[in-house]
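Colleague: Residue numbers (my numbering), protein chains in the order written: chain A, 1 to 166; chain B, 167 to 473.
Where hints are given, some of them may not hold.
[Said to hold, decoys possible] Cβ-Cβ distance ranges computed for the label pairs, FRET-style: (1) B:GLU223 / A:ASP104: 20 to 28 Å; (2) A:GLN63 / B:ALA181: 58 to 66 Å; (3) B:ILE364 / A:MET146: 18 to 26 Å.
The set of hints was computed from the structure by calculation and includes no laboratory data.
Glycine included, each C-beta is placed from N, C-alpha and C at the ideal position.
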Amino acid sequence: MHPEKQTHDFEPKIIAFVCTWCTYAGADLAGTSRMQYPANVRVLKFPCTGRIDPVFILKAFQQGADGVLVSGCHPGDCHYIAGNFHARRRFAAFRKLLEFVGVDLNRLQFSWVSAAEGGKWVEVVTDLTEKVRAMGPMTEFKELAMEEQWSGAINTPELKEAYSQI
Amino acid sequence: MTEPIDTSIYSAVTAAIQTEAQRILAAGLVTAIVGYAASRRNGSTQPIIVTDAAAAEKLIFTPASVNNLALYLTKAKKEIPKKGKIGIVVKGCDLKAIVGLMGEAQLKRNDLYLIGVPCAGVLASTVQPSTALTADTIASKCTECDARLPSDCDYVPNVQLPTQPQLAGKYAVEIARLEALTPAERWAYWKEQFAKCIKCYACRQVCPFCFCEQCLCDRNKPQMVDTTPRPAGNTAWHIVRAMHLAGRCAGCAECERVCPMDIPLNLLNRKMAKELKELYDYEAGFEVNDKGPLTTYTDKDDQSFIK
């Protein structure tokens, strides 16, 4: 009945921020339809994609996520009329910012999954999991979080002088 | 190459500001004027609030008039209606900040008396205030300024702006350099820059748009951004700061000027401004808009990045 379970060297942690009206219901549909998808994904339910603050994504990466998925209603289907339109603009801008700071955007996926698209949910989650698995663990933010103290380089004359006087 | 920049108009501008300030204070049109006055260090200026017509002669404008005075309106904005109109001396970049604040309903045009300054540029924060203004000592923001002459002010001194030498836009060059790097190289660059941060929050205190009474980054239930000056919290703070200013920043570069650790903060803001211009054709300007690019939407926004 179940496909043979594969074992991997690396199981990525995927955090999915989903809207309660569409994608959460879509994921629920995938479950009740007995569709199989990777157990790497941790689903966090929000009222709307408009509620998903970019800082949540940063926090997820800092706390050890290897990939992040943000998913909500298709444009025009928002329960709150325009939440996903605002989210679309905000995340378009946020992606550009992360890219400029040097984050690999392949770890960050956005999607529209409606309540009827259990199959699409499975596809999106599987694709992202496999993509992130191939990329290996996300180390950048975790390394930062491991550093316990101020770590700036003392490389200017002013700083060197101030440091020598301590 | 130290091409000098003509700032001879500033003496005429100073005289005109003093005359106008005296007139409007004496006539009771305003109760106070926020402007620049000479400070103790040779050539430097500091913000001053003048409430008496006799003290109007203290007001000056020099290449060292670097502050964005719009800041004093946001922190004091609750007092304005009680006290009457406030006059303020603004450069073009400062006026953009005031316009942005009006768009966000933080200020009312009727509460302000704007004294616009035709500006040939101000000094960079890294040089002594008595230095002559040249292509090398000019502030980075002035190399790509498109707002030398403020518009829609109540009063603008009638002087002719001298023609400027063509300057290479310092931010544009630096953004292009970083964009050409690989993500890993960019991460290394910003990691080094953010590691310097000591979380003094001077960038936040000086920003006219950081007017929230409680900042997200000061909250600890839930704590979204680590408050200690450790690398994780520093990186998160600077990303959140850039994101919260995206589509609002007027590009006055005060954050970068006040940063004691010389982090190129305005680079992030300029990058976001550039992206928002490309994506939604929005630019900070002299026109009051109720909605910024991230508080509005259209049905046809780009969604090529969404599955």
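Colleague: Against which earlier hints does the structure fall short, listed by number upward?
Modeller: 1
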